[in-house]
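Under the working numbering, the first residue of the sequence shown is numbered 352, with each subsequent residue one higher.
Only pairs whose alpha carbons sit at most 25 angstroms apart, straight line, appear in this in silico BS3-like list of lysine-lysine:
#1 Lys540 x Lys628
#2 Lys375 x Lys421
#3 Lys554 x Lys502
#4 Lys610 x Lys592
#5 Lys521 x Lys421
#6 Lys483 x Lys502
#7 Lys408 x Lys421
#8 Lys483 x Lys521
#9 Lys605 x Lys502
#10 Lys483 x Lys408
#11 Lys521 x Lys502
#12 Lys606 x Lys592
#13 Lys521 x Lys554
#14 Lys540 x Lys408
#15 Lys554 x Lys483
#16 Lys628 x Lys592
#17 Lys628 x Lys617
#18 Lys540 x Lys554
#19 Lys628 x Lys483
#20 Lys502 x Lys444
#21 Lys605 x Lys628
#22 Lys502 x Lys610
#23 Lys502 x Lys421
#24 Lys628 x Lys606
#25 Lys375 x Lys444
#26 Lys421 x Lys540
#27 Lys375 x Lys454
#28 Lys483 x Lys540
#29 Lys554 x Lys592
#30 Lys502 x Lys606
#31 Lys554 x Lys605
#32 Lys605 x Lys592
Just so you know, the hints here were simulated from the structure itself, not pulled from any lab data. None of these values were measured; they are calculated from a predicted model.
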Amino acid sequence: MPRAGAYELRECIAGLGAFGLFSKEWFQMAESLQHVANVALMEQSGPSAHSMTLWEKDELAVRYLLEEGKLNLCLRLMEEYMHFAFSSNWQDKLRDAEIIGPKGQHLGIPEVQVAMGAFEQSMGLLINCALKSVEAVQTIDMPLMFSHIAKVVEHVNSHPELLSARDADKKQATLVILYLLSVIRVVDKLDEDRVMTLLAESKATEVLLEILASNGTVLGTPILIAAAHLFAVIMATEGYKTHPERYVPNDTAKKNCLKLRDLVIKSQFQSPERRQKIRPLIREMERFELEDGL
Numbered sequence: 352m353p354r355a356g357a358y359e360l361r362e363c364i365a366g367l368g369a370f371g372l373f374s375k376e377w378f379q380m381a382e383s384l385q386h387v388a389n390v391a392l393m394e395q396s397g398p399s400a401h402s403m404t405l406w407e408k409d410e411l412a413v414r415y416l417l418e419e420g421k422l423n424l425c426l427r428l429m430e431e432y433m434h435f436a437f438s439s440n441w442q443d444k445l446r447d448a449e450i451i452g453p454k455g456q457h458l459g460i461p462e463v464q465v466a467m468g469a470f471e472q473s474m475g476l477l478i479n480c481a482l483k484s485v486e487a488v489q490t491i492d493m494p495l496m497f498s499h500i501a502k503v504v505e506h507v508n509s510h511p512e513l514l515s516a517r518d519a520d521k522k523q524a525t526l527v528i529l530y531l532l533s534v535i536r537v538v539d540k541l542d543e544d545r546v547m548t549l550l551a552e553s554k555a556t557e558v559l560l561e562i563l564a565s566n567g568t569v570l571g572t573p574i575l576i577a578a579a580h581l582f583a584v585i586m587a588t589e590g591y592k593t594h595p596e597r598y599v600p601n602d603t604a605k606k607n608c609l610k611l612r613d614l615v616i617k618s619q620f621q622s623p624e625r626r627q628k629i630r631p632l633i634r635e636m637e638r639f640e641l642e643d644g645l
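The whole structure should be built from the sequences, with the hints applied where relevant.
Dropping the structure here:
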């Protein structure tokens, strides 16, 4: 990236702040987030050497995000935004408020909705790009991350229409699956006991299995593949092997897990090489059938 572009990118990231939701500064931040997220996506679009550290890669957006100490701020801003967006009366709240845009103009609900969608997509994708780096995962506020994921999956389970909404693959309804995968995939480089305890306490795995079993057909193939990999890496951990009932707690959850076979495994994991990558999941599904008679 040219020096001027790198300087502008760092300035955008340094300018991220805990601005009040729908304040003038919030709208300005939402606009700059689109640029930062687009750069992060572009930088990760090519081949990447997994053995390289973040500081060795040409991923300036994520690197600056960590260097400026903004990653957990981004997560807090997303959690705050989703709390508002999930409220049943958010439109009434907007009608009662006088919303001023970044240029001092009055904004109606349609204009605010556009900004809301752009904010969720840009911030969500930026966090997802960051979590592909183990250094970012090691920095993230884990209790807040799992709390956020738990709230999102619970809400989605009650409002499955979110999964078929426009750009659902760029919204929190599906991105939290990728967040979880990024964390659990490197659990051996984290405090595994703490991470797996947080996962168990969140009950996210049980709810996710219910979502996948009930609404998986509306999800895109990449998300379904990610979900299969997620449960495979969960089931390969010592935390799961020691206490599987904490993550797949009952027969309903086990039956929901078995539905992954028709949902994605048969079509996307046909070759022995691909099936080997999710072997812990396949092994557990076979155990559910043999030991539990499901």
